[in-house]
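Residue numbers (our numbering), protein chains in the order written: chain X, 1 to 161; chain S, 1 to 328.
One or more of the hints may lead you astray.
Computed list of lysine-lysine pairs in DSS-like fashion (alpha-carbon distance at most 25 Å, straight line) [to be verified]: (1) X:Lys96 to S:Lys217; (2) S:Lys57 to S:Lys159; (3) S:Lys142 to S:Lys109; (4) X:Lys100 to S:Lys29.
Over the 10 Å line for every Cβ pair with chain S, so calculated as not near, a few chain X residues [said to hold, decoys possible]: (5) Gly39; (6) Ile47; (7) Gly55; (8) Ala80; (9) Glu122.
Just a few of them, taken from the derived set where beta-carbon distance is under 8 Å, the chain X residues facing chain S [what the hints assert, rightly or not]: (10) His82; (11) Tyr91; (12) Lys94; (13) His110; (14) Leu121; (15) His126; (16) Val130.
No lab work stands behind these hints: they were computed from the structure. Each residue gets a CB set at the ideal place from its N, CA and C atoms; glycine is no exception.
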Amino acid sequence: MFRNYKWFLGSLLLLVNLSAQVKLSVKTIPKKVNIMLDGINIGKSPIINDRINPGVHKFEIIKSGFAPITYDILVNPSQAVHLDFFMNPIYQVKFKTQEKGLVFELNGEHLWDDPFIRLNLEAGDHFLRVFKLNEIIDEQTIHVDEPKKFNYYLKKLISEK
Amino acid sequence: MLKRTFNWFLHIGGILTLIMFMSGCSLLKGPLYPDVIYNNRQPLISVTYEYGEIEIKLPLNYIGVVPEIISFEVYAHGDTANPIISILQEAPRVFFVYLPQGVLDIHNKSNIIKIIPQDTNFRPVNVRFKGIRFGRIVLPPKSIQMGQLIVNGKVFLNKDETPLGGVDVSIQNFDNVIKETTTNDSGFYQLSVPGEYKYAQHLRLVAGNNMIFKPFKQKLDFSQTLKMRYNIGMGPNKAMEDPIYLTNRESVHFREQPDIGSETLFLLGAGESISVTRVTPGEYYGSIEIEVGSKKMVQLDGWVNRTDVFLLDLNNVFKKESGNVSEL
Numbered sequence: 001m002f003r004n005y006k007w008f009l010g011s012l013l014l015l016v017n018l019s020a021q022v023k024l025s026v027k028t029i030p031k032k033v034n035i036m037l038d039g040i041n042i043g044k045s046p047i048i049n050d051r052i053n054p055g056v057h058k059f060e061i062i063k064s065g066f067a068p069i070t071y072d073i074l075v076n077p078s079q080a081v082h083l084d085f086f087m088n089p090i091y092q093v094k095f096k097t098q099e100k101g102l103v104f105e106l107n108g109e110h111l112w113d114d115p116f117i118r119l120n121l122e123a124g125d126h127f128l129r130v131f132k133l134n135e136i137i138d139e140q141t142i143h144v145d146e147p148k149k150f151n152y153y154l155k156k157l158i159s160e161k
Numbered sequence: 001m002l003k004r005t006f007n008w009f010l011h012i013g014g015i016l017t018l019i020m021f022m023s024g025c026s027l028l029k030g031p032l033y034p035d036v037i038y039n040n041r042q043p044l045i046s047v048t049y050e051y052g053e054i055e056i057k058l059p060l061n062y063i064g065v066v067p068e069i070i071s072f073e074v075y076a077h078g079d080t081a082n083p084i085i086s087i088l089q090e091a092p093r094v095f096f097v098y099l100p101q102g103v104l105d106i107h108n109k110s111n112i113i114k115i116i117p118q119d120t121n122f123r124p125v126n127v128r129f130k131g132i133r134f135g136r137i138v139l140p141p142k143s144i145q146m147g148q149l150i151v152n153g154k155v156f157l158n159k160d161e162t163p164l165g166g167v168d169v170s171i172q173n174f175d176n177v178i179k180e181t182t183t184n185d186s187g188f189y190q191l192s193v194p195g196e197y198k199y200a201q202h203l204r205l206v207a208g209n210n211m212i213f214k215p216f217k218q219k220l221d222f223s224q225t226l227k228m229r230y231n232i233g234m235g236p237n238k239a240m241e242d243p244i245y246l247t248n249r250e251s252v253h254f255r256e257q258p259d260i261g262s263e264t265l266f267l268l269g270a271g272e273s274i275s276v277t278r279v280t281p282g283e284y285y286g287s288i289e290i291e292v293g294s295k296k297m298v299q300l301d302g303w304v305n306r307t308d309v310f311l312l313d314l315n316n317v318f319k320k321e322s323g324n325v326s327e328l
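Kindly produce the complete structure, drawing on both the sequences and the hints.
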């Protein structure tokens, strides 16, 4: 009898909890990406008809070849919440120069002095700074929207597909 | 010599191939920068919420008269100062209201719909209910009726103002008894009838049907009010002196002279009081009280047959259960 009572109470609590939850759907581009919700893998996208409690939650989406996404959200008490994540691709870019004695810096933190190097760059704009003998001799923004090859000449950057 | 040169090239070629294998293709493709370089571009994220709707359905029953316009006010979380929504509309059979999700208290019955008919004859009605997050709520039907018409007061003996308990009091429309009660030990009574009788033309208050006195009858007019008070005096007035006799039947002749054939001044109903001052073998001479408008009473002298009256005993003023025969 006591066990039945506990079972009934548990079912009731579960029902109350479910009724307070918000319907969740998650879609990503690209598809079939593992979705981590508050550190727990809830499956591969697209996710439909899952449930989430109202409140603060953290989504983490990681896929090789794309920039990872970490997204904090305050889920409002509502009927449903639909999330669409568009992941930023990472392109491999070849960077080449014929100039001698140059040091390159990208986005203020990544340095190299090889005349020919392959870089994995997130799609979008990157800030390139060129040093020679510890002096800045050039600054420019490079835009990456596909795999490219950059040929750097002083004051001139030529990109080829 | 040629063979040695060939072997030397073969060795050199082998070593170069080995170096190529060991260093991968980086000699051809260039070295790979060890880290992925992010530009911290904000990813495109779309968040779409779907909010549910709360539909509230409240059937209304109108008892008797239907008010023309009703104001509906919906309150949540016990806050009766700030309505979520106010709707003024013609009296509907079913009241519908749509609310956004999350506005109602879903844990307690602290949400209220105030139904306020725009007619002072109706009283506002409150409906308390427990909310839901979204979806439909069908509330039990609520009755709307005019305010009750109330008449109350005390019944007492005119002679000495003693409260009379156990007196039948009723409200009648024509001769139909709508509501009846009996006075308590303090002589108090209260009767209420539905508001639909507010404009009834033939509504009257009747008291004392179970008494030996002539019943008290008063026309009731609720057109200006919902509540009235009538204190009802039963029996002969203080001004009438003892001995007092009461008529024991309807249509008792009250004559100017004791002779047969003399002029009948009034035909008295059962229970009318006569203050007797002179007695003959067959008749009593005395005075009766007559209302001459605006509650003014005058006394009039005359004669009645002794067989048509009986002596009033103030200790026993109720009729016997068996019939109209008074206890003497």
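Verification of the supplied hints:
1. X:Lys96 to S:Lys217: The given pair, whose Cα atoms are some 118 Å apart, is violated under the 25 Å limit.
2. S:Lys57 to S:Lys159: Status violated; Cα separation ~60 Å.
3. S:Lys142 to S:Lys109: holds, 16 Å
4. X:Lys100 to S:Lys29: Given pair Lys100 of chain X, Lys29 of chain S holds - Cα atoms ~19 Å apart, limit 25 Å.
5. Gly39: Consistent with the label, Gly39 of chain X stays out of reach of chain S, its closest Cβ about 19 Å off (over 10 Å).
6. Ile47: holds, 14 Å
7. Gly55: Given that every Cβ of chain S is farther than 10 Å from that of Gly55 of chain X, nearest at about 14 Å, it holds.
8. Ala80: violated, 4 Å
9. Glu122: violated, 5 Å
10. His82: holds, 4 Å
11. Tyr91: violated, 10 Å
12. Lys94: Holds, because the Cβ-Cβ distance from Lys94 of chain X to chain S comes to roughly 7 Å (cut-off 8 Å).
13. His110: holds, 5 Å
14. Leu121: The hint holds - Leu121 of chain X has a Cβ within 8 Å of chain S, the shortest such distance being about 5 Å.
15. His126: Given a least distance of 5 Å, the restraint on His126 of chain X holds.
16. Val130: violated, 16 Å
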